[in-house]
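Each protein sequence line maps, in turn, to chains P, L, A and B.
All letters in the first sequence, in the order written, are residues 1 to 453 by this note's numbering.
All letters in the second sequence, in the order written, are residues 1 to 453 by this note's numbering.
All letters in the third sequence, in the order written, are residues 1 to 453 by this note's numbering.
All letters in the fourth sequence, in the order written, are residues 1 to 453 by this note's numbering.
Please keep in mind that the hints were generated in silico from the structure rather than gathered at the bench.
Note that the structure is predicted; figures quoted are calculated from it, not measured.
Idealized CB from N, CA, C, for every residue including glycine.
Possibly wrong hints are sitting among the right ones.
Stated by the list, open to error - With beta-carbon atoms standing in for the labels, derived distance ranges: (1) 275/B - 273/P: 35 to 43 Å; (2) 360/P - 433/L: 26 to 34 Å; (3) 453/B - 403/A: 43 to 51 Å; (4) 210/L - 385/P: 21 to 29 Å; (5) 389/L - 429/B: 40 to 48 Å; (6) 80/A - 426/P: 22 to 30 Å; (7) 34/A - 429/B: 33 to 41 Å.
Said to hold, decoys possible - Stretch-level coverage of chain P by chain A, calculated; a stretch enters the list once three of its residues show a Cβ under 8 Å from a Cβ in chain A: (8) 156-168; (9) 275-289; (10) 419-427.
Protein chains: 4
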Amino acid sequence: MVHKLWEKKGEKLLKDVELFETGSDIELDGKFAQDDIMGSIAHGYMLSKIGILSSEEFKDAQKGLLEILKLIETGKEKLEFGDEDIHTKVENLLTERAGQVGKKIHTGRSRNDQVLVDMRLYAKRKLLNIWGEHLDLIDELLLNAQKYTSAPMPGYTHMQKAMPSSAGMWFGSFAESLMDSLVTLKAAYELNDQCPLGSAAAYGTTLPLDRELTARLLGFKKVQSNALYSQNSRGKIESVILFALVQQLFDISKLATDVLLFTTSEFQFFKVDDCLCTGSSIMPQKKNVDLAELLRSKVHVMESYLSQVFNGTANLPSGYNRDFQDTKKPFIEGLELAEQSLRVSYLLVHHLTPNEAALKKAMTPELYATAAAYDLVQKGVPFREAYQQIGLHLDELQKCDADEMLKKSTHLGGTGNLLIDKRLQELEKERAQYVAEHRRFTNAMNALETLTY
Amino acid sequence: MVHKLWEKKGEKLLKDVELFETGSDIELDGKFAQDDIMGSIAHGYMLSKIGILSSEEFKDAQKGLLEILKLIETGKEKLEFGDEDIHTKVENLLTERAGQVGKKIHTGRSRNDQVLVDMRLYAKRKLLNIWGEHLDLIDELLLNAQKYTSAPMPGYTHMQKAMPSSAGMWFGSFAESLMDSLVTLKAAYELNDQCPLGSAAAYGTTLPLDRELTARLLGFKKVQSNALYSQNSRGKIESVILFALVQQLFDISKLATDVLLFTTSEFQFFKVDDCLCTGSSIMPQKKNVDLAELLRSKVHVMESYLSQVFNGTANLPSGYNRDFQDTKKPFIEGLELAEQSLRVSYLLVHHLTPNEAALKKAMTPELYATAAAYDLVQKGVPFREAYQQIGLHLDELQKCDADEMLKKSTHLGGTGNLLIDKRLQELEKERAQYVAEHRRFTNAMNALETLTY
Amino acid sequence: MVHKLWEKKGEKLLKDVELFETGSDIELDGKFAQDDIMGSIAHGYMLSKIGILSSEEFKDAQKGLLEILKLIETGKEKLEFGDEDIHTKVENLLTERAGQVGKKIHTGRSRNDQVLVDMRLYAKRKLLNIWGEHLDLIDELLLNAQKYTSAPMPGYTHMQKAMPSSAGMWFGSFAESLMDSLVTLKAAYELNDQCPLGSAAAYGTTLPLDRELTARLLGFKKVQSNALYSQNSRGKIESVILFALVQQLFDISKLATDVLLFTTSEFQFFKVDDCLCTGSSIMPQKKNVDLAELLRSKVHVMESYLSQVFNGTANLPSGYNRDFQDTKKPFIEGLELAEQSLRVSYLLVHHLTPNEAALKKAMTPELYATAAAYDLVQKGVPFREAYQQIGLHLDELQKCDADEMLKKSTHLGGTGNLLIDKRLQELEKERAQYVAEHRRFTNAMNALETLTY
Amino acid sequence: MVHKLWEKKGEKLLKDVELFETGSDIELDGKFAQDDIMGSIAHGYMLSKIGILSSEEFKDAQKGLLEILKLIETGKEKLEFGDEDIHTKVENLLTERAGQVGKKIHTGRSRNDQVLVDMRLYAKRKLLNIWGEHLDLIDELLLNAQKYTSAPMPGYTHMQKAMPSSAGMWFGSFAESLMDSLVTLKAAYELNDQCPLGSAAAYGTTLPLDRELTARLLGFKKVQSNALYSQNSRGKIESVILFALVQQLFDISKLATDVLLFTTSEFQFFKVDDCLCTGSSIMPQKKNVDLAELLRSKVHVMESYLSQVFNGTANLPSGYNRDFQDTKKPFIEGLELAEQSLRVSYLLVHHLTPNEAALKKAMTPELYATAAAYDLVQKGVPFREAYQQIGLHLDELQKCDADEMLKKSTHLGGTGNLLIDKRLQELEKERAQYVAEHRRFTNAMNALETLTY
């Protein structure tokens with residue numbers, strides 16, 4: 001256990017209190033090791049540029065920090081109870097290894113802006129993974145939409161049979177929903193992409209820090225300017241990010257809810273491959289799609305992370321408040337959950353097959369009532385009268401050729417005009433944007449390791 | 001009371017049930033009258049273009065609908081218990097006034113896509129007001145930030161005095177926070193800006209609807225393509241909008257929390273004009289800033305609207321479900337609350353004056369401890385040692401010239417370099433974008449009234 | 001518009017601000033008229049007992065207050081924008097009608113404790129209605145459980161067929177769930193049943209108020225003692241009440257979810273009477289159980305009321321804060337919603353009929369796999385081996401006599417031993433407790449009208 | 001890794017999916033080891049009584065299970081990825097150690113009722129700790145209330161000075177709030193105190209299980225009767241428990257909020273002992289009450305656990321759904337958090353000292369305005385006139401003898417009549433009830449280890 005930065009003389013925090021205050025946080029802080037060290041390298045380089053470190057000192061710091069990173073990544077150094085946090089741990093280790101420069105590296109910053117930078121970098125790494133998984137899931141949905149464009153499927157409203165639809169329309173609906181969720185995801189990415197380093201405890205410093213330099217080195221799009229706002233954005237930007245993840249899980253949850261309904265033995269519209277199913281400890285016959293149940297549930301898990309971060313930071317006075325610490329756990333868990341959920345959602349869609357025979361059988365005559373009314377409309381009967389006329393003779397409705405019927409809905413977004421190709425083109429554009437952003441960030445991170453004069 | 005569209009023979013809904021199902025909804029639907037009628041004009045025009053209405057019929061419909069709108073706006077027609085909803089009411093009134101075309105106007109749509117269009121148009125109108133108020137609030141904050149750039153003020157962390165700050169930094173922090181909230185607001189506006197008309201009950205129709213035409217007439221940026229997704233986006237897009245409003249109130253709530261703390265008789269950092277204060281029924285001496293208390297609270301009101309919409313629609317199967325109806329009330333109330341809250345927040349900021357004497361008096365020596373450490377740093381002492389040295393001699397710290405101290409923080413975003421002018425320039429760009437969008441929408445709405453062949 | 005109690009000289013609140021601060025509150029306050037006036041009568045009587053009012057003055061006040069109540073109830077006096085609140089309105093009206101005593105009636109209290117009393121009395125009235133509806137719903141469920149005890153029905157886990165169950169077990173499960181919800185409801189009733197009157201603004205007064213007397217007159221079980229706690233319980237007790245209502249809607253929502261699933265054309269397990277169904281504007285064939293959809297949704301509406309009240313009051317400093325005002329609307333709407341939802345839930349259960357033929361047909365062989373394993377167990381095969389053996393020969397399972405199978409589950413709570421009679425007896429005891437409490441409260445209220453020396 | 005109970009032939013769950021499904025659950029399940037094994041001993045004993053196990057087999061099972069418990073408690077057996085859950089792990093270990101009886105122990109139960117029993121027993125253990133800590137915290141608050149009964153302290157409304165109060169009233173208010181929170185805590189304890197064992201997968205079994213025997217052996221107050229309700233109560237009873245914990249943290253959060261306000265250098269009303277304070281990495285002078293900040297925050301953490309459990313289970317169809325699994329983590333974390341928070345809250349209260357000099361100094365004249373009005377009232381001036389008269393001459397108000405003033409508020413719950421002794425007596429009764437319940441449960445658990453014929 002290393003000593004705390006602020007401990008003097010014989011002061012000691014009660015152990016129960018320390019446990020309460022830092023317990024699980026220590027473990028979480030470990031996830032930021034890479035981000036913390038990259039932040040310190042950039043900060044150190046900037047300090048050397050404004051004359052607070054010599055170029056030699058910077059090189060020692062860089063070397064020492066990269067070694068410490070390796071020690072942590074290989075498990076040779078570990079955060080433990082009593083270590084306070086990752087920042088203190090790294091500072092102390094650096095002082096042990098590289099001497100004086102360890103005592104200088106914290107110049108011009110506070111743990112307040114340091115943890116902010118760490119969380120932004122961590123979030124960026126995770127969001128890039130999530131963004132990629134998100135695009136893959138859309139891709140898989142669109143491929144299924146294309147493959148099953150002409151597979152008839154009853155459309156439901158109020159959980160009752162309503163009008164003819166298709167498996168293609170069903171797959172496609174989730175793809176478009178996720179396309180819209182990209183808008184919130186990218187807005188969240190953008191808000192996260194600003195560098196708080198140099199805001200210090202929330203009020204800046206009297207040192208001539210070059211904040212634009214550190215922002216650039218760390219791959220941020222801009223500096224988060226007003227120093228107090230940097231702190232006040234804690235909870236705020238995390239909320240925007242978590243809300244974007246909630247949106248993704250909203251889409252996934254609806255998909256999972258449908259899958260569970262449509263795979264009941266009463267519906268049998270879809271089949272989920274055995275490699276995704278589990279059994280029962282008491283009933284020998286059971287085959288359950290637990291995966292879809294857990295995906296249905298995750299939207300609530302994610303939403304509780306959002307509300308935890310949000311409610312815990314709303315109503316706080318300006319400036320840093322320790323309450324912020326409680327945002328870390330739900331934020332980290334949320335980012336990890338989204339990444340994992342998107343990946344297994346891809347697997348669910350990949351291993352989901354329409355049961356075309358059952359779907360066709362389910363295309364019963366009442367589904368065509370509206371189309372029958374429209375036939376009358378096209379003969380000049382006002383719709384409301386046609387509607388009433390059909391309503392009085394529902395028993396005369398006949399089963400139609402479902403395939404033909406799908407093709408008759410030719411307007412934009414109808415079963416006969418789903419525009420999947422156009423969606424695939426849009427997806428390619430999205431992917432190009434993603435790849436460019438991914439490269440930009442990765443390059444910045446790599447450059448930090450070899451930064452030199 | 002008009003008859004319900006689907007009522008036949010002697011079927012009657014139990015009165016208790018009807019009350020439960022439509023109660024407050026009828027009143028809310030009245031707010032959509034304008035939107036519903038504009039939607040019907042656009043839809044009718046399109047129907048005439050694809051040959052379902054004659055051009056005469058369209059003109060009759062347009063005339064009749066505009067008259068009905070006037071009747072509703074002047075209170076001569078009112079939605080009442082038993083009317084089911086605004087759509088049925090208008091259709092029935094139109095049939096009364098214009099005959100056959102009333103029975104034809106619903107051709108090719110469902111109340112499902114109709115209410116969606118209404119809500120999108122209503123949201124647009126409200127969001128444009130909100131967007132404007134949002135910009136005004138930023139403006140007022142920046143003007144104050146500029147005015148009080150050099151007014152010293154203690155900066156707090158953990159609610160304890162930390163480092164020197166300024167009233168300018170404090171005002172500016174909220175301006176920047178609201179600048180970031182514009183990103184979520186505009187993303188929400190964009191997602192709302194797609195036209196669901198023509199998706200019908202969720203599965204399109206067998207009629208050759210020209211969805212691009214109606215979208216264009218109604219001023220939408222694009223068609224919401226996949227018909228099923230249009231319905232599945234209920235709850236989703238409302239959530240994105242409400243979350244953007246939650247973000248605004250998050251900023252406002254923090255401002256209000258600070259105002260309440262800083263206007264206590266113990267702090268006395270700010271004064272709120274009497275025209276915003278209220279008294280007590282029992283204590284003759286009281287002067288309370290109730291406005292700030294209610295603004296502190298509203299973030300939770302808004303968040304509950306969000307959670308109501310969100311949780312009520314997550315986990316629903318695909319397609320229309322009546323649960324959607326419960327999204328209307330929180331959605332409408334949320335939009336109205338945001339508009340009102342932004343306006344009075346402007347008033348609060350406008351009538352808020354720093355008490356410069358009290359602020360200066362509060363600039364006690366301990367605020368300069370870090371600056372003192374940095375002085376040692378600039379003499380070559382490693383920061384961690386400087387920090388410890390100062391820590392051991394806190395009682396020797398001296399009151400500094402606060403004005404001078406503020407100027408010494410020259411890095412980007414520090415008290416001496418708040419960049420308010422740059423922010424004001426950015427605001428002007430934002431305002432130009434807003435004005436253009438406002439004009440685009442207003443023009444589209446006006447054009448519908450005079451649409452002709 | 002009457003003048004505000006604290007207005008002096010030319011002070012005026014900005015109109016936008018007043019609108020923001022009291023807008024919908026005025027309308028809500030009207031709901032407390034009866035409670036406010038009963039509170040004032042009790043308070044006045046106590047003041048006369050401690051010598052602040054003469055007995056004549058009390059009689060004038062009592063007479064005047066009862067007249068004012070009648071005027072409000074018959075709509076001859078109305079709260080309007082500008083009236084501030086019900087308390088000010090009534091005080092001013094009383095002064096107009098009864099002179100001096102109007103200026104004395106507020107002695108020894110604050111609007112802070114007055115609104116608390118009003119809300120407690122209002123809540124009590126509503127909770128008594130809710131409690132009664134709650135018992136009726138359990139009753140109807142138990143009667144159905146009894147009637148359909150031997151109607152076989154597949155039991156599901158993971159939404160897949162699992163084991164034999166019965167319609168009786170299904171109805172009974174909701175009855176027992178609601179029995180448990182009574183525990184939280186009664187705990188909430190108990191916490192609400194304490195009198196805050198006399199706590200004044202939150203710190204009591206220097207007058208020798210007899211708080212036990214007013215508590216007794218108003219039918220409260222006890223005085224809420226510590227004056228500061230009375231205020232601090234705002235939000236807290238409302239939350240406990242709203243949570244109890246959330247519990248009820250949790251039960252109802254699950255019932256509604258099942259009804260919607262089991263009335264799909266794919267399941268057809270239950271039929272809902274036409275008097276509860278609605279149609280579609282576009283599809284002539286539709287018959288939807290909208291009622292169940294809205295009941296499924298209401299749990300989220302209620303939960304958002306709870307979160308609004310809860311989050312809006314958590315983290316407030318001690319004592320009255322104006323934020324409390326925002327608890328009124330969700331609290332009132334929550335109580336009204338619960339009452340209404342319970343009533344229509346009763347109707348839903350009343351008009352719900354198992355389709356016994358469809359249920360029997362659905363009793364397919366795989367439901368008996370576990371019973372088959374148990375047959376082997378009873379022949380001495382260890383369960384895990386029996387389970388595996390059956391699992392390998394699922395295709396040999398046979399359709400059993402479902403009626404016989406139900407009877408074979410004889411353990412407590414099994415299909416053959418549901419103990420409905422015992423539940424009905426427990427319900428009778430609950431009803432007796434309810435009736436006694438209802439009478440106690442009604443008697444107290446009536447006595448206030450005729451209170452004399 | 002042991003094999004899964006339902007795995008046959010070559011079926012294999014995809015690894016990504018298995019990770020997603022069981023990841024952190026495995027770790028959580030370890031917390032139930034003791035509960036799972038006690039449940040199995042009771043179940044085994046019952047099976048021997050109804051002839052499914054021989055008495056020898058029961059003894060082998062009991063011995064084996066207790067050994068397995070010891071192995072797990074000492075870390076010699078550990079749940080790992082691939083183990084599915086604690087139930088499967090224990091069953092497999094028992095089969096390894098004790099042979100045939102391992103294959104029989106699952107007779108007549110499902111993992112569905114088994115995990116329910118585990119969670120109920122776990123919750124009981126934790127709730128008993130929490131209940132005890134809760135009483136200790138009240139005790140400490142009452143002792144402080146008693147000690148500082150006559151220490152004057154300004155009372156606030158709207159965060160502005162309002163009327164005279166005392167440190168005793170302040171401490172006492174939290175004690176009474178927590179007394180009320182005991183009502184919800186005990187209601188939650190009661191609902192948790194019913195035994196679901198024997199409900200199996202949700203539909204009971206065809207075996208003659210003696211459910212009353214197992215309930216009694218495990219120390220439950222009653223059997224949870226209807227088998228389906230047992231499953232349907234998942235999420236419900238956990239919610240009731242978590243809500244009770246939310247109530248506790250509501251009280252604690254308000255206390256912490258006050259502490260943070262009252263320990264600012266502007267107020268200085270209280271002092272927190274250094275053993276609870278922490279420092280800053282950048283500002284040498286800082287001394288922060290982080291503990292209070294984190295306690296202020298925890299109410300939101302707890303509330304998010306509640307909403308996660310609640311929203312994740314509302315709207316699910318009847319019977320077991322895998323979504324239930326996601327209730328475990330927030331439920332366990334919530335119980336642990338409450339226990340820990342109560343303990344450190346005790347420390348906070350214990351180490352909190354009123355700064356009597358500062359408090360006295362803060363008793364400024366405006367606090368006495370209402371008392372001055374009451375002086376006029378007692379001379380016959382109607383209150384409303386007295387109020388106005390004082391309001392016009394606020395500057396003539398004089399500083400009073402605060403000690404005297406406190407004594408003048410003699411009504412029940414006023415500063416001169418706080419009834420702390422009565423509260424202490426009530427607390428003793430509560431403690432006696434707690435101790436009895438604690439003993440009852442501990443005895444039941446101990447008896448299971450030595451259960452014999």
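Indices of hints not satisfied (ascending): 1, 2, 3, 5, 6 and 10
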